[in-house]
Amino acid sequence: MSMQAHAESPAHHFDHPEPTTFLRKYVFSVDHKVIGKQYLGIGVFMAVAGGLMAYLIRWQLAWPETPVPGFGWVPEPYMYEGAIPPEFYNSMVTMHGTIMVFFAAMPILLGAFGNFLLPIMVGAPDMAFPRLNMMSVWTLGVASLVLIASFFMPGGAAAHGWTGYAPLSAKAAYTGVDWGGTLWILALALEFASFLMGGVNFLVTAINMRAPGMSLMRLPLLVWMQLTAAVLFMLSVGPLVAAAIMLLLDRTLGTGFFLPERGGDPLLWQHLFWFFGHPEVYVILLPGFGIVMEILPVFARKPIFGYRSIVWSTIAAGALSFIVWAHHMFVSGIDARLATPFSITTILISVPFAIIMFAMIATLWGGSIVLTTPMLFALGVIATFLIGGVTGIFLGSAAVDIYLHDTYFVLAHFHYTLFPSVILAGLGGLYFWWPKMTGRMLNETLGKIHFWLTFIAFNCVFLPLFLVGVGGHHRRIYDPYQYDFLKPFQPVHEFATMAAIVLILSQLLLLVNVVMSLMSGEKAPANPWGANTLEWQTDSPPPHGNFKTVPTVYRDPYDYSVPGAALDFLPQTHP
Amino acid sequence: MLSWFPENISTYGAQLDSLFALIYYITGVWFVAAQALLLYFIIRFRRRPGVRASYVRGENAGELAWVMVPVVVVLALDLFIDYRSHPAWALVKEEFPADAIAYGGTAKQFNWAFTHPGVDGKLGSEDDVTLDNELHVPAGKDVQVSINSIDVIHSFFIPTVRVKQDVLPGRTTRVWFNATKPGRYEIPCAELCGFGHYTMRGFLVVHSPEEYEKWTAEQKPTPAA
Amino acid sequence: MTTEHSMTAPRELGKLPFGRAGIWWFLASEIMTFGGLLGAYTLQRISHGGWHAEMQHLNAYIAALNTLFLVTSSLTIVLAHQATERGDRVRARNMLWVTVALGIVFLCNKGVEYSIEFDHGYFPWTSTFWSFYFTMTGLHALHVAGGVVWNTCLAIAASRAIWPKVSHRVEYAGLYWHFVDVVWIFLFPLLYLS
Ligand code: HEA
Ligand code: HEA
Ligand code: CUA
Ligand SMILES: [Cu+2]
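The listed protein sequences correspond, in order, to chains A, B and C.
Going by my numbering, 467 is the number at position 467 of the first sequence; the sequence numbering is gapless.
If you want my numbering, it's the position in the second sequence, counting the first as 1, plus 1000.
If you want my numbering, it's the position in the third sequence, counting the first as 1, plus 2000.
What the hints contain is simulated information worked out from the structure, not anything from laboratory work.
There's no promise every hint is true.
What the hints assert, rightly or not - Derived pair list, reagent style DSSO-like, types lysine-lysine, alpha-carbon separation capped at 27 Å:
| no. | chain 1 | residue 1 | chain 2 | residue 2 |
| --- | --- | --- | --- | --- |
| 1 | A | 548 | C | 2015 |
| 2 | B | 1181 | A | 487 |
| 3 | A | 171 | B | 1181 |
Note that the structure is a prediction, hence the values are computed from the model and not measured.
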């Protein structure tokens, strides 16, 4: 037993001294704050890559086969004097989806915000397993390199869609992409390994390393969201790992899992992919919502409405997400009698989300709202996710999905859910915690302009796409001019593309803001927003080990405007 | 939004469209209400000097009712949508009319081949007619198409008929419909199937019954090889 | 340095033991992976009418013997863990070596089984049944091999000075080894007997 005690002693795990060399400090760092920033670097880099691919996609849709401005330098056979051939278009769509979901959304939301904030928010000096943490970010780095390398393989990058449906993905001959498809699988497998390693850190840190007084019901909601996301990911990814192994063997060894001519079943892949896929979308959504829930109380100067209801709804939605996967497969050829049960569970998931959304809106009631940049982004998330959420109900009805499946309606639906939770919430979080991460303030005016441009341009891109979706416009179409019934929609495409260009260009404002802040930004005080949670009760940026002394927690995370208190906020460390 | 639907030419299309409209109005009301409330709160509760926010935690039953009562209504509406959805789904995908005219189809990268029953009206007989990318049916008759694929997954989609069905290698999937209006309608392939996916276009040609008979008689039989 | 010490001072901690939580997390995701494979296999098998003919070509005797080896090795690693707890380093080391040996015997046996199957012309690409068979048993064998390596490291460590620092890992190695055993307990009847 004595040995046991030794093994479980926390001191054993994070008594690493402050590193001094450059390599140890910034490259092979085990400090969760540095690792968080490394994740942010990878995530933003990949988001920009994914954004540029979106530009190529949009250009092709609006003005098919014309040279894309700025891309004349890309050599054949990728592009022809700047014009996109069909194979490359499919690669772009596939890589855009894969990169955005797995290499931008997860690194930014879980990797960056989770790593940077979770230990500080619970009052811990670091993650429970710092070295594992370093390994996870490096695994992600390697995964990203593998994915990028796949572009340079003969045949180019994977072109079977981000969902990798077999048999298209199971035999190189079907897409003409050989190594690109195999590296796609490998990159995903490495990405999964990375986030599995990250997840256990989240769990053990949040459960074990809380500061004295930090009971579970005093955890900031972001921590709850990160935890739920990590557990959802861990429980859902296994079957996809199994499927990835099978797909890899089908491609390389010629096994017969998914290819009917070898006795396999193409639908098997879809079941395994979506069993993971639907929980995965909540893995992305929840941390995004978590960020919103940290920002709202601070700038409404009010406690979040219904903390416990939100926690329980989140867990309920997470549990439900495991029994809805076939809503992606209503018309895939599964037994028709399965559709209605899955349709019911899918539509019922609106109940926990209604609680969460209404609670967020109710938080504003009676508040004292300041529209800072982070607050604008947080409110933008609510406004846009409402559209994404309710359009999910149309798709959840099996009967309506017969027509809408694989149309631009689906496309618009998921951009209206993903964009708010990844980009809007991510940007909101960046504006909110940037002072904490770097010790410098960002420019508010530039930030607000950035918000309005992003918000308006985003809606201009994707609202019209619902309409063409209702018109029957199907997805992953290289050239809409091929169809008579799509020709009238071409002005919509052109409008959406122009808006997308504005959307992408307006991100330059962030770049300007960040550079200005780093070079000459105002020094950030410890608690610039008057916020309660623990990360604001230490220096900006926090020292090695996060706190000079172990903080003691006395109260809930959102005690704003408590009657009788001198200030309108009472930090969690306030007795 | 509703006006963006293409013309409906099938017997069940109207039911599906009205289901879409139902969800549109239900969620539309909630959406507008939620957005309006959001906007109202943002404006009404802007920071004003000397006014402190009210300390409402939403933890007791009285306060929570503001959220939970609407949520119960949401739940009821959810169940109502489910209740209305199922019959429409069953009509299109579960209950195949027994005496429908049978057609066959094969999808491959990147075109369709449809087998018509010919003059005798029976599939699998000498006078079957197989055509590339064209499916000819009589108006006002139930037809059933059994399709398979010889390579990857494709999807048989006729926007004007409001029907879609993935087509798989290694098994046969069926669709049925009853097209009411003569004309020529596009059949896009709705599942990514390779670089030529965007070119995989077929046509549904709906003839009036008399015309259909005439057309069938004119065709040269192409018995299965 | 002083801040370090104040940070690692006793604090209110949750109930999860660090290392054990880590290994359980890992095992849970592994369970989902093998669960996915086994589930896929079972469903495919039902829809393919049972694959009874293919199954006849598997050697249930070798597999039964292998089951015996693995179950025994699960026992020996428990004994190794017990010995570690009691501080009996020599016995712990011996039991670990026995576990390693049993693992190697399992792998050799599996190799023999594979070579018989190859001789008869059954390969992973022969049919879906064989794809499943080789993938599942192959993935399992990789896990066995990983366990053998891990246990070997521990057995070597048991005769070195670093032992007090790593001896708690016998427990984790044991958990992992039991998991590998349990996977086999599922594979054996599903592949060979039903
Ligand atoms: C963050 C990502 C995210 C999120 C949160 C969601 C949320 C939901 N999604 Fe979405 N979805 C995707 C990402 C996401 N989705 C992606 C990427 C795809 C496509 C993948 C591909 O094919 O490439 C997809 C596809 C997809 C389909 C398949 C469509 C098809 O291919 O045919 C379906 C079908 O049911 C669906 C449903 C839903 C539902 C019911 C929700 C629910 O969770 C929404 C719940 C929320 C609300 C309902 C709003 C709040 C409630 C109220 C305001 C109360 C009023 C509401 C009512 C009265 C109902 N989604
Ligand atoms: C998180 C997910 C995500 C995001 C953000 C986006 C963003 C965009 N997407 Fe994408 N998209 C997908 C996920 C996403 N997409 C998926 C899964 C598919 C399906 C793929 C498939 O069918 O296989 C898809 C498919 C898809 C298509 C369909 C192609 C087809 O079917 O033929 C189109 C077409 O218009 C498109 C357009 C766009 C545009 C214009 C943006 C714009 O919003 C892009 C704007 C650019 C940026 C936002 C980058 C700038 C980023 C930063 C400056 C960093 C920010 C920093 C922080 C957040 C901290 N996307
Ligand atoms: Cu066939 Cu797309
Ligand atoms: Cu889903």
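Results of checking the hints against the structure:
1. A/548 - C/2015: With Cα atoms ~25 Å apart, residue 548 of chain A and residue 2015 of chain C stay inside 27 Å; holds.
2. B/1181 - A/487: 22 Å, holds
3. A/171 - B/1181: 41 Å, violated
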